[in-house]
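K.L.:
Following the hints, complete the assembly by docking chain B onto the known chain A.
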Amino acid sequence: MFHNRGKNGDGSAVPVSSKEKRYTEGFGLPAYLIFIGIMLIVMILCICVGSVNVPLKETIRLIWSAVARQAVSSDMFSSIILAVRVPRVLCVALSGAALSVCGAAMQGLLKNPLADGSTLGVSSGAALGAVLAIALEISIPFLPFASTMLMAMLFAFLSLMLILSLAYRLDFSLATNTIILIGVIFSMFVSSVMSLVIAFSGEHLKSITYWTMGSLAGSNYRNALVLLIALLICGTVIMLHARELNAFAIGEENARHIGVNVKRVKLTIMITVSVLIGVCVSIGGTIAFVGLVTPHMVRMITGPNHKRILPASIFGGATFLMLCDLVARVIINPIELPIGVVTSLIGAVLFVVIFYQSRRKSR
Amino acid sequence: MKMLEVNNMIVRYGTLTIVNDVSFSLDEGEWLMLIGPNGAGKSTIVNAIAQSVDYSGQILYQGRDLKQFKPVELAKNIGILAQNHSVGYSFTVEEVVRLGRYSYAPSIFSRHTDADEESVERALELTGIKPLMKQSVLTLSGGELQRTFLAQILAQNPNILILDEPTNHLDLVYQKQTFALIQEWLKESGRSVISVVHDLSLARAYGTKCLMLKSGEKIAYGTGKEVFSPEILNSVYSMDVADWMRTMLSQWQE
Chain A
901 MFHNRGKNGD GSAVPVSSKE KRYTEGFGLP AYLIFIGIML IVMILCICVG
951 SVNVPLKETI RLIWSAVARQ AVSSDMFSSI ILAVRVPRVL CVALSGAALS
1001 VCGAAMQGLL KNPLADGSTL GVSSGAALGA VLAIALEISI PFLPFASTML
1051 MAMLFAFLSL MLILSLAYRL DFSLATNTII LIGVIFSMFV SSVMSLVIAF
1101 SGEHLKSITY WTMGSLAGSN YRNALVLLIA LLICGTVIML HARELNAFAI
1151 GEENARHIGV NVKRVKLTIM ITVSVLIGVC VSIGGTIAFV GLVTPHMVRM
1201 ITGPNHKRIL PASIFGGATF LMLCDLVARV IINPIELPIG VVTSLIGAVL
1251 FVVIFYQSRR KSR
Chain B
106 MKMLEVNNMI VRYGTLTIVN DVSFSLDEGE WLMLIGPNGA GKSTIVNAIA
156 QSVDYSGQIL YQGRDLKQFK PVELAKNIGI LAQNHSVGYS FTVEEVVRLG
206 RYSYAPSIFS RHTDADEESV ERALELTGIK PLMKQSVLTL SGGELQRTFL
256 AQILAQNPNI LILDEPTNHL DLVYQKQTFA LIQEWLKESG RSVISVVHDL
306 SLARAYGTKC LMLKSGEKIA YGTGKEVFSP EILNSVYSMD VADWMRTMLS
356 QWQE
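Sequence order for the protein chains is A and B.
The first sequence lines up with residues 901 to 1263 when you count with our numbering.
The second sequence lines up with residues 106 to 359 when you count with our numbering.
So that you can see chain A by itself, here it is in the shape it has in the complex (with noise of 0.2 Å):
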């Protein structure tokens, strides 16, 4: 109908293009390969570097002997490796990677490219449990060594029950600008209570402190297998997603028309964010600027389609956070930086650099 612009405007059908050339939105496997082969560079090198530096071939030695269980010697190197720097790294990584898949979602979800995974207000809700359990040394029965973890988790899905019910009464439809509002003012809130905490904390103000500046050191395997199991749950159902989210990405409103069961599709991501930056905020504290920045430089490689967004998320996500992690270690060493400190500072200094190239570019 549109003759005059069109190629072949005659309005005909147009030979179907053939089985060779059919249209693919998601990554093939040498894509894959390459963030994989990234990834363990990276974490290789996390491991390997540190206040005492192991050489490459001794760290990949030990580690090929502890996956093959083979008979490890107890060196000093063995125990830094396999008892410090393995668990941290991977726990890192798994973190760096849930906070960015979680962050890529919200931002798709809520078409708001300042979204992630706290907007719901949910991390700050973790974090108040992970306070209350340091302040008031609330010790759990049968689980001592987990009880910062389980309160964090506890107060996490509280805060959710609670910001989607208020949501519900406020707005049946759940509308994307009351759920962001009733976040922002939930996490206002938890801030003031957990302000009021921390005053009166007395001799526990600094690990309080420490905690909520996010750090991963101290990580164990049990975290690590924690956030895996987490990640590989929570990360399944927001990639089966991909499609509703890049809907959502083009509009509300639009998804609907195209039968996109908004409703479903908007609670069930929001959960699953919600479970998994539980996990995240219970075992670092609250990571900032992960979530926000990874999806946007991934964005500017990948382009805004789910399919790719949210794997390369994962992975980049991962090698970030890993990077700022060796970061925080070595840069003042002996001295530790907590990791949320490093996040937030080369965080916001990307998201300024990407801001003003999106702006340039968009002019």
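These are calculated hints, taken from the structure and not from any lab test.
Virtual Cβ for every residue (Gly too), placed ideally from N, Cα, C.
Don't take every hint at face value.
Cβ-Cβ distance ranges computed for the label pairs, FRET-style [what the hints assert, rightly or not]:
no.	chain 1	residue 1	chain 2	residue 2	range
1	B	W357	A	N1077	43 to 49 Å
2	B	Q240	A	R1069	41 to 47 Å
3	A	F1255	B	K330	54 to 60 Å
P.N.:
Chain B in isolation, oriented as in the chain A frame:
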């Protein structure tokens, strides 16, 4: 059987009644024009059919209550073009149009079929945006964006098109071509169109039926001839519409 039947539709926002007891129906091959001044409730009727606002009354699609339809079922049968479009991220035209096929393969494991390819290609061709298919939607003009979303609902392959001001943002050439395209689309059996328009001349020229609304009330419903009577027009718009139209036209008569 009627394609679409709206019985006693009432839409309220709080205590405000936006649409008050409106009924109409749509037969195969019909093009119903929803007309009336701003705030008449035209877009709200579109939103109610799209199931995005709560309403009382009944909307039946081929005899079945629309409230029973799953979102994907609704999208396969009714394609809705919104009044305004704003895209958040730099998706390509092709990605936006391809999402029109979502309802045919809502699972992430569903593969693109030949029918998907054909519908998308055809929609891109018909709306003339094929040359722009790899371009980011953020770089498009208002008219190009409008045609992108028109292509998306054509790719949906619905039986009813509901268009909220389809010529919004379009220059005269594209207005003419869009209406010609919709008229052509309507020729296939089992199809009908509802559109909200402000241009009464377009409504009169293309509509097979018109529904005139004012402040949520149905004022007149019937063929163009019946609805566009001087009495009805003058009371709805509080001005002599025909006289205004003639004055405008007279400028072009030399």
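K.L.:
43 to 49 Å was suggested as the range; check whether the CB atoms of W357/B and N1077/A agree with it.
P.N.:
Holds, at about 46 Å.
K.L.:
For the range 54 to 60 Å, tell me whether the beta carbons of F1255/A and K330/B fit it or not.
P.N.:
57 Å, holds
K.L.:
If I claimed the Cβ atoms of Q240/B and R1069/A lie 41 to 47 Å apart, would that claim hold in this structure?
P.N.:
Given about 43 Å between the Cβ atoms, the range holds.
Hint compliance for this structure: no hint is broken.
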